[in-house]
Amino acid sequence: MNWSEFFAMKGYGFYVWGSYGMALLIFIIEIALVRHKRTITLQELRMLRDAEKEE
Amino acid sequence: MAINWFKYSAPATFYELAGKLVPWFAWPSALLFAIGVYIGFFVAPTDAVQGEAYRIIFIHVPSSILSMFLYLIMAGYAALGLIFNTRLSSMMASALAPTGALFAFISLWTGALWGKPMWGAWWVWDARLTSELILLFLYLGFIALHASIDDPRRADRASALLAIVGSVNVPIIYFSVKWWNTLHQGSTVKFTGTSMHVAMQQAMFSVLAACWLYAIAVTLARVRSIILERERNTQWVAELPEARS
Amino acid sequence: MNKLSLFGLLRLVIGRDLMLAMRRRADVLTTLIFFVMVVSLFPLGVGPELDMLRKMAPGVVWVAALLSSMLSLGRMFSADYLDGTLEQMLLAPQSLSVLVLGKILAHWMLSGLPLVLMAPVLGLQFDMPVQALWVLIASLLLGTPVLSMIGAVGAALTLGLRGGGVLVSLLVLPLCIPVLIFGTGAVEAVSSGMSAVSHLSLLGALLLLALVLTPWVTAQALRISME
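Chains as they are written, first to last, in this note's numbering: chain A, 19 to 73; chain B, 35 to 279; chain C, 2 to 228.
Note that these hints are calculated values from the structure, not bench results.
Please note: incorrect hints may appear among the correct ones.
[As the list claims (entries may be wrong)] One-sided and incomplete, this derived list gives chain C residues near chain B with beta-carbon spacing under 10 Å:
#1 L7
#2 L11
#3 V122
#4 Q132
#5 V154
#6 P175
#7 P179
#8 F183
#9 G186
#10 A222
#11 R224
[What the hints assert, rightly or not] The calculated label-pair distances, taken between Cβ atoms and stated as ranges, are:
#12 C/S98 x B/A155: 45 to 53 Å
#13 C/D84 x B/E50: 48 to 56 Å
#14 A/E72 x C/L83: 53 to 61 Å
Glycine residues also receive a C-beta, built at the ideal position from the N, C-alpha and C atoms.
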């Protein structure tokens with residue numbers, strides 16, 4: 019079995035890879051969002067502390 | 035046994051524990067995904083009826099299962115938070131909601147891509163797909179209600195009540211949709227055939243386990259940010275090394 | 002203070018809400034006009050073929066009833082919330098669930114009952130047979146109170162929130178789907194020559210379940226929202 023045949027999935031390639039591609043994309047986006055949220059939260063915490071120090 | 039479970043219900047301890055646990059769930063999840071997809075594509079034979087398109091079920095079925103269980107777990111956490119007034123449970127509930135909604139979405143998307151070659155239409159009002167759509171609506175309602183209340187305590191409690199009402203309603207909705215579908219002569223092609231090849235089962239279970247581990251890892255990672263946000267005025271957050279720069 | 006019986010209390014709350022509504026009759030009429038308009042829009046949208054209209058009628062009437070009962074949900078608690086009456090109700094020694102039940106019933110009489118009475122006329126627009134009309138009335142009579150009850154939970158949860166009107170529909174509509182399914186199913190069953198009893202009894206079961214649970218849940222939601 020060669021690779022182009024494998025990716026064609028006997029004509030169902032679009033459906034199969036569309037499913038797995040979307041699932042993978044969503045997992046990647048969700049992980050990125052969670053990481054982004056963490057950096058934002060930590061930034062906010064630092065800003066909050068700096069503001070308190072200045073007072 | 036004298037384990038003090040309540041020790042871990044304190045946000046400060048749980049924050050640390052969750053941070054340690056995340057990689058222990060994340061890496062096995064990635065590994066199991068790889069194994070599941072490998073078995074699903076290279077070991078499992080082509081289905082006699084559905085051809086190669088059946089390989090979609092290896093991601094479709096686990097994400098459907100996850101989306102339903104996560105809603106129940108979310109409602110359970112929300113109920114705990116409402117009844118015992120434990121802050122952490124409510125935070126867990128709101129951390130679970132986006133992941134559950136995304137699994138519901140994946141399930142709908144893959145269901146549509148599976149349906150096109152099988153039924154000849156992107157969307158068929160099949161009982162399971164319709165229930166999944168309604169489940170997505172329930173998730174969105176929970177998230178929307180939580181987001182539109184500014185006071186976090188009221189947001190937790192109000193959305194908890196909604197989640198409980200929703201989970202009481204889910205079986206009624208499923209039953210009614212099924213009833214409606216049989217009356218209207220729904221689709222006859224089923225997702226799972228009469229007998230599944232062993233390799234198919236192995237692929238399905240590996241991906242299912244991977245999805246569970248993924249959901250746990252991502253929820254724990256998300257709940258850490260939520261904990262920091264809610265507890266930002268406490269001493270322990272101020273003393274965290276990662277909050278000092 | 003003399004002690005009120007439960008029914009006395011119910012009657013008091015319903016009477017008060019009805020009287021308040023009678024002073025602002027336009028509100029009640031708006032909901033009804035909306036219902037009539039939505040139903041009348043469908044033939045204009047899909048064309049006047051009677052065969053198709055007859056088939057669509059129960060679904061159209063039910064969806065329109067669902068939407069118009071959403072419209073009036075915002076009013077269920079908001080006036081009392083704004084003028085402080087609701088706070089008094091929460092503090093009252095009487096059971097809050099019963100007070101809430103009274104408000105739900107009053108809301109149904111003002112928004113649900115007019116729809117039930119109007120539905121047969123609209124059904125004639127769609128050339129529904131007489132037998133189906135009766136079942137439509139019966140299903141609406143059983144179903145619209147459930148809509149008011151589930152709606153009350155949503156209204157209580159979104160009390161005083163910005164954009165509450167859209168939000169409440171988002172929360173309540175998915176929960177109302179079983180009512181919609183059994184309601185339209187009853188009419189369709191009769192139209193296709195079967196018995197509507199099973200659908201109607203399921204609707205009745207939903208009504209009983211909602212009657213037992215929702216006043217209490219709504220009362221809890223009000224307490225959460227008023228903290």
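Check: Going by Cβ atoms only, is C/P179 closer than 10 Å to chain B?
Finding: Status holds, d = 4 Å.
Next item on the list: Kindly confirm whether 53 to 61 Å is satisfied by the beta carbon distance between A/E72 and C/L83.
Entry: 41 Å Cβ-Cβ, so the 53 to 61 Å window is violated.
Item checked: C/Q132 as an interface hint toward chain B, with CB separation required under 10 Å -> violated, 19 Å
Checklist line | C/L11 as an interface hint toward chain B, with CB separation required under 10 Å | finding: violated, 23 Å
Item checked: chain B contact restraint for C/A222 - C-beta distance below 10 Å -> holds, 5 Å
Check: Holds or violated: 48 to 56 Å for the Cβ distance of C/D84 and B/E50?
Finding: holds, 49 Å
Item checked: C/V122 as chain B interface residue, shortest Cβ-Cβ below 10 Å -> violated, 27 Å
Margin query: Next item in the hint list is C/P175. Is there a CB on chain B closer than 10 Å to its CB?
Written below: Holds. Min distance 4 Å.
Next item on the list: Would you check whether C/V154 satisfies its interface hint, that is, whether its CB is within less than 10 Å of any CB in chain B?
Entry: holds, 6 Å
Next item on the list: Could you check if C/L7 really has its C-beta closer than 10 Å to a C-beta on chain B?
Entry: It is violated, given that the least Cβ distance between C/L7 and chain B is near 24 Å, above 10 Å.
Check: Does C/G186 pass the interface hint, meaning its C-beta sits closer than 10 Å to a C-beta of chain B?
Finding: holds, 6 Å
Note to self: Looking only at beta-carbon atoms, does the pair C/S98, B/A155 fall within the given range of 45 to 53 Å?
What the structure shows: Because 47 Å falls inside the window, the suggested range holds.
When held up to the earlier numbered hints, the structure conflicts with 1, 2, 3, 4 and 14 and fits the remainder.
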